[in-house]
Amino acid sequence: MSAIPRIYLDNNATTPVLPEVFEAMRPYFGEHFGNASSIHHHGQETRAAVERARDSVALLLGCRAAEVVFTSGGTEGDNLAIAGLTGAGDHIVTSSIEHHAVLHASRHLEDMGCEVTYLPVDGHGLVDSDDVRRALRPNTRLISIMMANNETGVLQPVDEIGRIASEADVYFHTDAVQAAGKVPIDVKRIGCDALSISGHKMHAPQGVGALYVRKGTRLQPLFYGGRHERSRRAGTENVPGIVALGKAAELAMQGFDRQNDKKMSALRDRLQHGILAQVEEAGVNGGGAARVPNTTSIYFDHIEGEAMVISLDLKGLAVSTGAACSSGAIEPSHVLVAMELRANRARASIRFSLGKQNTIEEIDIALALVPETVARLRELSPAYRKQAVHS
Amino acid sequence: MTNPKTIAVAMSGGVDSSTVAAMLRADGHNVIGLTMQLWNQRRLAGHEGMPEQVTGRCCSLDDVYDARRVAEHIGIPYYVVNHEERFERDVVRPFVEEYLSGRTPIPCSLCNNHLKFDQLLIVAQQIGADALATGHYARVEYDERRGRWLLKRASDASKDQTYFLFGLNQEQLSRTIFPLGEMTKPAVRDLARNYGLALAEKPDSQEICFVPGGDYKKFLDAYLSDRGEALPDTSGELVTAGGEVVGEHTGIHNFTVGQRKGLGVATGSPLYVIQINGDQRQVVVGGQEQLYSRMLRAHRVNLIAVDDLHQPMRVAVKIRHRHEAAPATIEKSGGDEVLVTFDEPQRAITPGQAAVFYDGDIVVGGGWIM
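For the record, the sequence lines run as chains V and Z. The first sequence stops at residue 515 when you use our numbering, and every number in between is there. The second sequence stops at residue 377 when you use our numbering, and every number in between is there.
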């Protein structure tokens, strides 16, 4: 409709492609268009670009380039790891707060003859590593626990879980989609066998991602075709996307050197503290745990998150609540439901997630919009306003 | 356009509500499209008699897709709001229970009362809309003399939907707009074509939106089975009005008053269901003439045009959507109950349906037939 200023604080859903990233990928749509598998000049050019990007991603994850498999995104990486490392009769340990890419892939494997344990979380949204240990069975083949949660930003104890997995000699996969680019990642320290990331959550475009697979790990592919990605992922490489992911990984590494993650958390805290200072009966979901620096999930008692998201969107502020179902309607977040928040808080929660493009001015505008919107919704809920509109 | 307002439009993905959105937008209002997600058709998919493919109306992804495309076409913000829990509690569950008690429910009225003009109206207000517009064929206007909001029949009597709207209170009516109240269906389709709406030729929906194919018996089975509940045994006797047992039946939910087929009793003259006694699980059968009755009681009565029935009132009463309102006298019979006495006996007065009282075009009020 009319051009109101738009502020985007839903970067856990997706992020804008950074200008440097866009510039890096642009030539691979036109002048450097070759198929990276071709033996001629054009193929050599793009092959080199793909391998440079693989080096950058390897640096971001602390692994060797040969351990990076490019994928179409987080969902593919999660599916490839989970289905690729297990078979009928195997037991899988995962958690109730995983992304649907992990949860629904696990449910599918249950139908295919696997057993799956879905671990609960505590009130902070944390998986207890002792629960992981206790859940192990003789036939446990894989543990899949996310590194950072998409709703709350809470960082899970992946280092401990990695040790447990290693001692028990079971595979450990972690969905690091919401961690990559936000906190440093070191696959050696985590001790994982597989780790998935997604480009569009870290300022590369939608449709590209990567899966770290530890050297020597036997992984069944999802797709059959050419011998791309060391036969782990058939299909002609998405060269522009891969180049963009490499560039985004580079920028993320530079950001850690410059302590940009500290700046990000300062901005997030300005928003969170500013809201809590102005709004009563509100609080942070998972605020008691270590979190990624860009995310805060705030509950506002006595409001419907749905009306809040719509109201804020109509005023130009994009935030989110829960997960959208296929129609686009909002469903209470399974993550917040799993945290067993007090009555209705799962429905009354809003996720604010920042990106590298957000400015302090934007945060301050959000700080003006949110309290007034909460006040208005509370005033109107549930009684109707007592005046007529006709006339 | 003198006075632009912010108006939320309840968009079902059909021609009527889509045209309403386009009209209001063309008039310069600030329009926000809302669709209620009420029922997950996928939930019962695969149960016996339920389609694998979800192509039902008003709760289906296809309809959300259509509504979204219209919103995009006319350039308005559009949102889907989730009211599945309330819909199940206030519409689906009562629908099932009414059948199991031997009554014949009207879920559309329940949906209007509890969802569209309650939950959705609240959302509309919360997001800053002055009013909620829908694609219903009905009129609402303020009567200075009575100091009340009036609900009136649509100009196009063949499309009039006031029968399903009798439950609206003054507050709800004051915040509601029915832009199609003065229009005919062909005129609405013409307008839809003029606005370039791709769904201008989309057929009207006929059935209950959450009952695919219209087979409510299969729906009851599928719903209860999905909930892990057994279909209660409501089988019993077929009796005559005189109390003579003439047969057995498999469950009262399989019958509705006026039904002729499927009684499984062979007699010389045609038999009809004339009454269902839920408590005794009895289905009373009889001849055509026994279907006629002059009186009914309605409860949970909502009055619109008047604040109370101080004395008997002459009205015309409609006892089902396709019934022609018949002259009658209504009088209060205690609490929220009204006694309706028709001038002429009416055929198949059916408990669970609504009795809606009209004074000419004006809806006086209505209640549920006991």
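Among the clues, some could well be false.
If you want the ones that stay clear, here's a sample from chain Z, every Cβ over 10 Å from chain V, calculated [claimed, not checked]:
{"hint": "1", "residue": "T42"}
{"hint": "2", "residue": "P84"}
{"hint": "3", "residue": "E91"}
{"hint": "4", "residue": "I134"}
{"hint": "5", "residue": "G135"}
{"hint": "6", "residue": "L298"}
{"hint": "7", "residue": "A332"}
Okay, the calculated bits of chain V under chain Z, using three or more residues with CB under 8 Å as the criterion [unchecked claim]:
{"hint": "8", "region": "179 to 192"}
{"hint": "9", "region": "391 to 399"}
{"hint": "10", "region": "451 to 459"}
List of simulated lysine to any residue pairs, SDA-like, C-alpha gap at most 25 Å [unchecked claim]:
{"hint": "11", "chain 1": "V", "residue 1": "K439", "chain 2": "Z", "residue 2": "G135"}
{"hint": "12", "chain 1": "V", "residue 1": "K439", "chain 2": "Z", "residue 2": "R75"}
{"hint": "13", "chain 1": "V", "residue 1": "K439", "chain 2": "Z", "residue 2": "R49"}
{"hint": "14", "chain 1": "Z", "residue 1": "K12", "chain 2": "V", "residue 2": "K386"}
{"hint": "15", "chain 1": "Z", "residue 1": "K225", "chain 2": "Z", "residue 2": "G53"}
{"hint": "16", "chain 1": "Z", "residue 1": "K268", "chain 2": "Z", "residue 2": "G235"}
{"hint": "17", "chain 1": "V", "residue 1": "K439", "chain 2": "Z", "residue 2": "D97"}
{"hint": "18", "chain 1": "V", "residue 1": "K439", "chain 2": "Z", "residue 2": "K339"}
{"hint": "19", "chain 1": "V", "residue 1": "K439", "chain 2": "Z", "residue 2": "G35"}
{"hint": "20", "chain 1": "Z", "residue 1": "K166", "chain 2": "Z", "residue 2": "G135"}
{"hint": "21", "chain 1": "V", "residue 1": "K439", "chain 2": "Z", "residue 2": "L270"}
{"hint": "22", "chain 1": "Z", "residue 1": "K12", "chain 2": "V", "residue 2": "P129"}
{"hint": "23", "chain 1": "Z", "residue 1": "K12", "chain 2": "V", "residue 2": "L504"}
{"hint": "24", "chain 1": "V", "residue 1": "K439", "chain 2": "Z", "residue 2": "K268"}
{"hint": "25", "chain 1": "V", "residue 1": "K439", "chain 2": "Z", "residue 2": "D366"}
{"hint": "26", "chain 1": "Z", "residue 1": "K12", "chain 2": "V", "residue 2": "R502"}
{"hint": "27", "chain 1": "V", "residue 1": "K386", "chain 2": "V", "residue 2": "L142"}
{"hint": "28", "chain 1": "V", "residue 1": "K439", "chain 2": "Z", "residue 2": "K224"}
{"hint": "29", "chain 1": "Z", "residue 1": "K12", "chain 2": "V", "residue 2": "I128"}
{"hint": "30", "chain 1": "Z", "residue 1": "K12", "chain 2": "V", "residue 2": "E503"}
{"hint": "31", "chain 1": "V", "residue 1": "K439", "chain 2": "Z", "residue 2": "G82"}
{"hint": "32", "chain 1": "Z", "residue 1": "K224", "chain 2": "Z", "residue 2": "I81"}
{"hint": "33", "chain 1": "Z", "residue 1": "K12", "chain 2": "V", "residue 2": "G349"}
{"hint": "34", "chain 1": "V", "residue 1": "K439", "chain 2": "Z", "residue 2": "R76"}
{"hint": "35", "chain 1": "V", "residue 1": "K439", "chain 2": "Z", "residue 2": "L245"}
{"hint": "36", "chain 1": "Z", "residue 1": "K12", "chain 2": "V", "residue 2": "K339"}
{"hint": "37", "chain 1": "Z", "residue 1": "K12", "chain 2": "V", "residue 2": "G247"}
{"hint": "38", "chain 1": "Z", "residue 1": "K209", "chain 2": "V", "residue 2": "G452"}
{"hint": "39", "chain 1": "V", "residue 1": "K339", "chain 2": "V", "residue 2": "G349"}
{"hint": "40", "chain 1": "Z", "residue 1": "K339", "chain 2": "Z", "residue 2": "E296"}
Think of the hints as simulated: they come from the structure by calculation, not from any bench. Since the model is a prediction, treat every value here as computed from it, not as a measurement. Virtual Cβ for every residue (Gly too), placed ideally from N, Cα, C.
Okay, the hints, checked on the actual structure:
1. Its beta-carbon lying about 8 Å from the closest one in chain V, T42/Z breaks the requirement of being farther than 10 Å from that chain.
2. The Cβ of P84/Z sits about 6 Å from the closest Cβ of chain V, inside the 10 Å cut-off, so the non-interface label is violated.
3. Taking the minimum C-beta to C-beta distance to chain V, about 8 Å, the non-interface status of E91/Z is violated against the 10 Å cut.
4. Its beta-carbon lying about 5 Å from the closest one in chain V, I134/Z breaks the requirement of being farther than 10 Å from that chain.
5. In this structure G135/Z is not separated from chain V by more than 10 Å, as the shortest Cβ-Cβ distance comes to only about 7 Å.
6. Every CB of chain V lies more than 10 Å from the CB of L298/Z, the least distance being 43 Å, so the non-interface label holds.
7. Non-interface status of A332/Z relative to chain V is upheld: no Cβ of that chain comes within 10 Å, the nearest being about 26 Å off.
8. Counting residues of the region 179 to 192 of chain V whose C-beta lies closer than 8 Å to any C-beta of chain Z gives 0; at least three are required, and the coverage claim is violated.
9. Counting residues of the region 391 to 399 of chain V whose CB lies closer than 8 Å to any CB of chain Z gives 0, which falls below the minimum of 3, so the coverage claim is violated.
10. Coverage of the region 451 to 459 of chain V by chain Z holds in this model, with 5 residues showing a Cβ closer than 8 Å to a Cβ of that chain against a need of three.
11. For a cut-off of 25 Å, the pair hint linking K439/V to G135/Z stands: about 10 Å separates their Cα positions.
12. Using a Cα cut-off of 25 Å, the hinted pair K439/V and R75/Z holds, with the two alpha carbons roughly 20 Å apart.
13. With a CA separation close to 34 Å, the supplied pair K439/V and R49/Z exceeds the 25 Å bound.
14. Taken as a hint, the K12/Z and K386/V pair is broken in the structure, with Cα atoms around 45 Å apart against an allowance of 25 Å.
15. Between K225/Z and G53/Z, the direct Cα distance comes to roughly 12 Å. Compliance with the 25 Å bound is thereby established for this hinted pair.
16. With a CA separation close to 31 Å, the supplied pair K268/Z and G235/Z exceeds the 25 Å bound.
17. Proximity of K439/V to D97/Z is assessed by CA-CA distance (about 32 Å); at most 25 Å being required, the pair is judged violated.
18. Between K439/V and K339/Z, the direct Cα distance comes to roughly 50 Å. Violation of the 25 Å bound is thereby established for this hinted pair.
19. Between K439/V and G35/Z, the direct Cα distance comes to roughly 19 Å. Compliance with the 25 Å bound is thereby established for this hinted pair.
20. For the given pair, K166/Z sits about 31 Å from G135/Z by alpha-carbon distance, which is inconsistent with the 25 Å threshold.
21. Distance restraint check for K439/V and L270/Z: the Cα-Cα separation of roughly 61 Å exceeds the 25 Å cut-off, and the hinted pair is therefore not satisfied.
22. In summary, the hint linking K12/Z to P129/V is supported, as the alpha carbons are separated by about 21 Å, within the 25 Å threshold.
23. Restraint check: the Cα-Cα separation between K12/Z and L504/V comes to about 19 Å, which is no more than 25 Å; the hinted pair holds.
24. Between the alpha carbons of K439/V and K268/Z the distance comes to roughly 58 Å, so the proposed pair goes past 25 Å and is violated.
25. Our distance criterion of 25 Å between C-alpha atoms is broken by K439/V and D366/Z, whose separation comes to about 45 Å.
26. Pair hint K12/Z plus R502/V holds up; C-alpha atoms about 23 Å apart against a cutoff of 25 Å.
27. Taking the CA atoms of K386/V and L142/V, the gap is about 19 Å. The hint holds against a cut of 25 Å.
28. This hinted pair does not check out: K439/V and K224/Z have alpha carbons roughly 47 Å apart, beyond 25 Å.
29. Annotation: proposed proximity of K12/Z to I128/V holds, straight-line Cα distance about 18 Å (limit 25 Å).
30. For the hint linking K12/Z to E503/V, the alpha-carbon distance of about 21 Å falls within 25 Å, and the restraint holds.
31. Distance restraint check for K439/V and G82/Z: the Cα-Cα separation of roughly 16 Å lies within the 25 Å cut-off, and the hinted pair is therefore satisfied.
32. Taking the CA atoms of K224/Z and I81/Z, the gap is about 40 Å. The hint is violated against a cut of 25 Å.
33. Between K12/Z and G349/V the alpha-carbon distance is near 58 Å, which puts this suggested pair outside the 25 Å criterion.
34. As the CA atoms of K439/V and R76/Z are separated by approximately 22 Å, the hinted pair is consistent with the 25 Å bound.
35. Distance hint between K439/V and L245/Z is unfulfilled; the C-alpha atoms sit about 63 Å from each other, more than 25 Å.
36. Using a Cα cut-off of 25 Å, the hinted pair K12/Z and K339/V is violated, with the two alpha carbons roughly 64 Å apart.
37. Proximity of K12/Z to G247/V is assessed by CA-CA distance (about 44 Å); at most 25 Å being required, the pair is judged violated.
38. Note on K209/Z and G452/V: the hinted pairing holds, with a Cα-Cα distance of about 22 Å set against a maximum of 25 Å.
39. Between K339/V and G349/V the CA atoms are separated by roughly 22 Å; this keeps the pair inside 25 Å, and the hint holds.
40. Between K339/Z and E296/Z the CA atoms are separated by roughly 28 Å; this puts the pair beyond 25 Å, and the hint is violated.
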